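Participant: Here is what each chain is made of, one letter per residue.
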Amino acid sequence: MLSPTILIPAILNGLLTGAVYALVALGLTLIYGVLHIINFAHGALLSAALFAAFFAYRLLGLDPYLAVFLLAPLFFALGYALQRFIIGPASRGDDRNMLLVTLGIAVVIENALLYAFRADTRTINVPYAFETINFGFTFLAVPRVVGFVAVFLVALALWLIMTFTDMGRAIRAVAKEKVGAELVGIDVAHVYAMTFGLGSACVAVAACLLIPTYYVNPGVGNAFVLVAFTIVVLGGMGSVPGALVGALLIGVVESISGLFLGESLGQIGIFVIFIFVLLVRPSGLFGARP
Amino acid sequence: MKGFAPIAAVFGVLAAVPLVVHSNVTLNFLVVALMIALAGQGWNILGGYGGQYSFGHAAFFGTGAYVTAILQVRYGINAWLAFGAGIASGAALGGIIGSLTFRSGLRGSYFALVTLAFAEVLRIVASVAPITGAGVGTLIHLDLRAQAFQFQSRALFYWVILTLVGVSLVVARLIERSRFGAWLIAVRENEDAAKALGVDARSVKTAAMVISGAITAAAGCFYAQYFLFVDSGIAYGTWMSIEALLTPIIGGVGTVFGPLLGALVVKSLGEGAKLVTGDVPGLDLIVYGAVLVLVIWFTPRGLIGGFAQVGKRLTRRAVPATTSIREAGHG
Amino acid sequence: MSDQKFPLSRRRFLTTTALGAAVAATGSIATPSVLRAQGAGVKLGVLHPVTGALSYSGQQGRLGATLAIEEINAAGGIKGLGKIDAVLGDAQSTPEGGTAEVEKMNSAGVACIVGGYASNICLATTQAAARYELPYVVDVGVADGIVTRGLKNTFRFGPGFGVISKTALANLAAINDQAGKPAKTVMIVHEDSLFGSGLAKLLNAQLPQHGFQILETIPHPTPTRDFNNVVLKIKAQNPDLVIPANYYNEYVLLARTMRQQQVKLKGIYSVLGGAASSYKFVKEFPDAARYIMDCNHWFDPRNEKAVALKKKVESKDQFFTYEVYMNYSCVYLIADAIQRAASADRAKLTAALASSTFSGHVMPYGPTKFVNGQNDGAAPVNTQVLDNDIKVILPPAFANAKPVFPMPA
Chain A
-4 MLSPTILIPA ILNGLLTGAV YALVALGLTL IYGVLHIINF AHGALLSAAL
46 FAAFFAYRLL GLDPYLAVFL LAPLFFALGY ALQRFIIGPA SRGDDRNMLL
96 VTLGIAVVIE NALLYAFRAD TRTINVPYAF ETINFGFTFL AVPRVVGFVA
146 VFLVALALWL IMTFTDMGRA IRAVAKEKVG AELVGIDVAH VYAMTFGLGS
196 ACVAVAACLL IPTYYVNPGV GNAFVLVAFT IVVLGGMGSV PGALVGALLI
246 GVVESISGLF LGESLGQIGI FVIFIFVLLV RPSGLFGARP
Chain B
759 MKGFAPIAAV FGVLAAVPLV VHSNVTLNFL VVALMIALAG QGWNILGGYG
809 GQYSFGHAAF FGTGAYVTAI LQVRYGINAW LAFGAGIASG AALGGIIGSL
859 TFRSGLRGSY FALVTLAFAE VLRIVASVAP ITGAGVGTLI HLDLRAQAFQ
909 FQSRALFYWV ILTLVGVSLV VARLIERSRF GAWLIAVREN EDAAKALGVD
959 ARSVKTAAMV ISGAITAAAG CFYAQYFLFV DSGIAYGTWM SIEALLTPII
1009 GGVGTVFGPL LGALVVKSLG EGAKLVTGDV PGLDLIVYGA VLVLVIWFTP
1059 RGLIGGFAQV GKRLTRRAVP ATTSIREAGH G
Chain C
24 MSDQKFPLSR RRFLTTTALG AAVAATGSIA TPSVLRAQGA GVKLGVLHPV
74 TGALSYSGQQ GRLGATLAIE EINAAGGIKG LGKIDAVLGD AQSTPEGGTA
124 EVEKMNSAGV ACIVGGYASN ICLATTQAAA RYELPYVVDV GVADGIVTRG
174 LKNTFRFGPG FGVISKTALA NLAAINDQAG KPAKTVMIVH EDSLFGSGLA
224 KLLNAQLPQH GFQILETIPH PTPTRDFNNV VLKIKAQNPD LVIPANYYNE
274 YVLLARTMRQ QQVKLKGIYS VLGGAASSYK FVKEFPDAAR YIMDCNHWFD
324 PRNEKAVALK KKVESKDQFF TYEVYMNYSC VYLIADAIQR AASADRAKLT
374 AALASSTFSG HVMPYGPTKF VNGQNDGAAP VNTQVLDNDI KVILPPAFAN
424 AKPVFPMPA
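Chains as they are written, first to last, in the working numbering: chain A, -4 to 285; chain B, 759 to 1089; chain C, 24 to 432.
In short, the hints are calculated from the structure, not lab data.
One thing to keep in mind: the hints can contain errors.
[Claimed, not checked] DSS-like cross-link-like pairs, simulated, lysine-lysine; straight-line CA separation at most 30 Å:
{"no.": "1", "chain 1": "C", "residue 1": "K224", "chain 2": "C", "residue 2": "K258"}
{"no.": "2", "chain 1": "B", "residue 1": "K953", "chain 2": "A", "residue 2": "K171"}
{"no.": "3", "chain 1": "C", "residue 1": "K189", "chain 2": "C", "residue 2": "K339"}
{"no.": "4", "chain 1": "C", "residue 1": "K287", "chain 2": "C", "residue 2": "K224"}
{"no.": "5", "chain 1": "A", "residue 1": "K171", "chain 2": "B", "residue 2": "K1070"}
All values derive from a computational prediction rather than experimental measurement.
Go ahead and model the full structure; you've got the sequences and the hints to work with.
Facilitator: Spelled out as structure tokens, the structure:
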């Protein structure tokens, strides 16, 4: 089993899978870093975005890679509204209430999808879904390679937004010192909503990149949430590069441990690494000490 | 003994229910609600009084359930003894996880997620380990005799779980009144200040987790006896972790009756939503989720806090603006 | 602390819920007034996981059961007893959700319950129904534990694991022998819960007896997000056959990934494959589905009633999945038993089910005969995806095509 003909493809494969995780985790880490909440609605939003990408293709004939430019703004608006008009007022700034409110929203979204579209698994069959790049010893599916490249672009875009725009500076200010930011006149509720919007837009991008090789049903997003949580903490909460590196690492760990321990037990690799890192270095790989 | 009178009163009222209500639908509903209340009370000891929010209480629930089931099925041990062993194993697991995580000084979200990871590790192990029956799960033989801790009548099961809940209420009250409870609350309010005053925060938190684990494990043991089947998804799935924290937070975190009230309300909410929406898949859960958000919106300190607030305002006759809170309080 | 307020609100809470329950009970008792003209009607509990992880299968099952009930009622219901009144229930994909529904159905006065779908739900619901000696017909639930516990009320119309794996192996050996034994090595890919693991265990015990060598058995969780590693292992060991046993989503991902990675096999032979005998899969991924063989629940393609039902389901824009026709058949089986018992009485109905020889169903089972609650004639059949359709290739009595094996490159 140790032959490089298996090991190298497995590592490559882990990196590609990690890229998908990174897309989901980027949005989460942003929300986590600024609002300090665990957003339980993240998975449900991913399901919703996958449905949106699915229907954009089926009804409008829009290729998923083009649908990004429609869905990302749409989900930005949705996320903004959710935080501004529901999560914010309902939780009144209390962390644990935010957690429960996002849980309630997750239940509503997931079941609204179930109610509207039934539970069938749906897939789209884009012409390039089965195209592969031949490396001699392995084949890499084109859509997965596209996703890998895209995640770096998304991370770069996020970094640019956070570093060079007023909005980004305001977000960082609120994340670091909420009271101080309030004192200098930053509208914290607005910043929170913008952050939630950005996080949701990331989910929409993830969905568009995922749909060519994956499927959609009302509960599909849940499969990614737990992994995304671990990545966020592993990378250091709120850290964009942390989420990126954490996700690729988790992808490879999952792939390798799946290879040696079998797919069922292999999942354990993620959590063991996670527990170990937290016990040894609780701030995560890239975070400041809490 | 003033603090124990309400417990006795609530226990008495609930104990009389099967004498009045003969519908097994209602009894089964109450049995499940009480089981969740028990799991929630376990969470409440650590999360409510100690301020350590765990996302992985399924670890204790599942361990209790598996130990009870496996000891009976594989080792032929008497069900009552297995039940006790299940509770003890929950306490032991609490000690292990507590000492590991608190030694590393994990707090807040970090603690929450590391507990979740422990529960996931156990779930994965249980889904492949031969002793748990791996993916097939463990089925306890149907044997409706009291020696086997199985009862023909739902009422007897109801009294069993009610007794366990009663004990958990007394334990919570005793903790509240003890020096240990004072330390625990001090740690919750300000851990550094508590340490400065000489409280051994690590030991206090670990002890709370031992008690917490034992109580939640008892709910798991009960699950195994009541449904007679355990698999890795049932035992260690995230649903129990969520229910265990949802009920005390809805009911009133860090209060003796919070988990019980929360469990009854959350479970009735689910049933009520079903009655309203009929047989359309998903619609009842949409209503459930929406009402959940509204309850949190209007009673931010949990229902018990909400009642207290309404009570105060009513006595002050500040009637306006209380209407919505009252409605939500009874939702 | 607000303990003083608490007992008061608790009491109010209890009375409101008790009231609510009472209203609900009278509501459901009052409704069948229209039917009273033709007799009181018979209540039938239709229990499926229509929300949660299993909701697709559950909704398909409910569709099958309600279609049968509509047909029976349109034809005048059950003679002398009136129409069937469906009491629908949602198990929410959990055993405790199923149990709660059984309690409700019992107090609503159902004569019998059909459904359950997943094995772990069926284990809990049959046992809950047994307390009331309420007859229960399991629609799918393949774990053998369901019918070997000695519950007198429990009947399973379809086949269990034991029979399925035995048939699957015998048919595999037959197909292989007929083609001149091209396949010798096998890899099994199965999901790791009760259904997949149970099956893998039986396959591991029995495959060597038929002369096959098992190279590896790979379990995976549901959901699994990515199958590239599994496919890498398959490629490295290069087996003649891959045997998948998993649910729809994972099956689709596995089949697509095998095609992407250009795995060359002599055949894909699945046992209760989630997608292998699914019209949806064949329609959406004709290339990935071609030549896949499956040993699964299947309707009798020569039965006119089955063909008519298929048309009806497809005209509703739904796929004709096994949940539909198994539940459809179960409802007819129950209706026949109620007819013969001439009563909705539970004991009489249980006896009527136990002595059933019903053959008006759409499955390739022949007349029904329950032995300790298990339908003795129930068996899976082998299908293969040929010409963008799903054909039955074995047993010969029901076949409408010949197997194509090994699959052409």
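Participant: Check the hint pairing A:K171 with B:K1070 against an upper bound of 30 Å on the C-alpha distance.
Facilitator: Violated - the C-alpha atoms of B:K1070 and A:K171 are around 38 Å apart, more than 30 Å.
Participant: Take a quick look at whether C:K224 and C:K258 sit within 30 Å of each other, Cα to Cα.
Facilitator: Given that 30 Å is the threshold and the Cα spacing comes to 23 Å, the pair holds.
Participant: For the pair we were handed, C:K287 and C:K224, check the Cα-Cα distance against 30 Å.
Facilitator: holds, 26 Å
Participant: Just to be careful, I want the Cα atoms of C:K189 and C:K339 compared with a cutoff of 30 Å; is the pair within it?
Facilitator: violated, 36 Å
Participant: Regarding the pair B:K953 and A:K171, is the alpha-carbon distance no greater than 30 Å?
Facilitator: holds, 26 Å
Hint compliance for this structure: hints 3, 5 are broken, all remaining hints hold.
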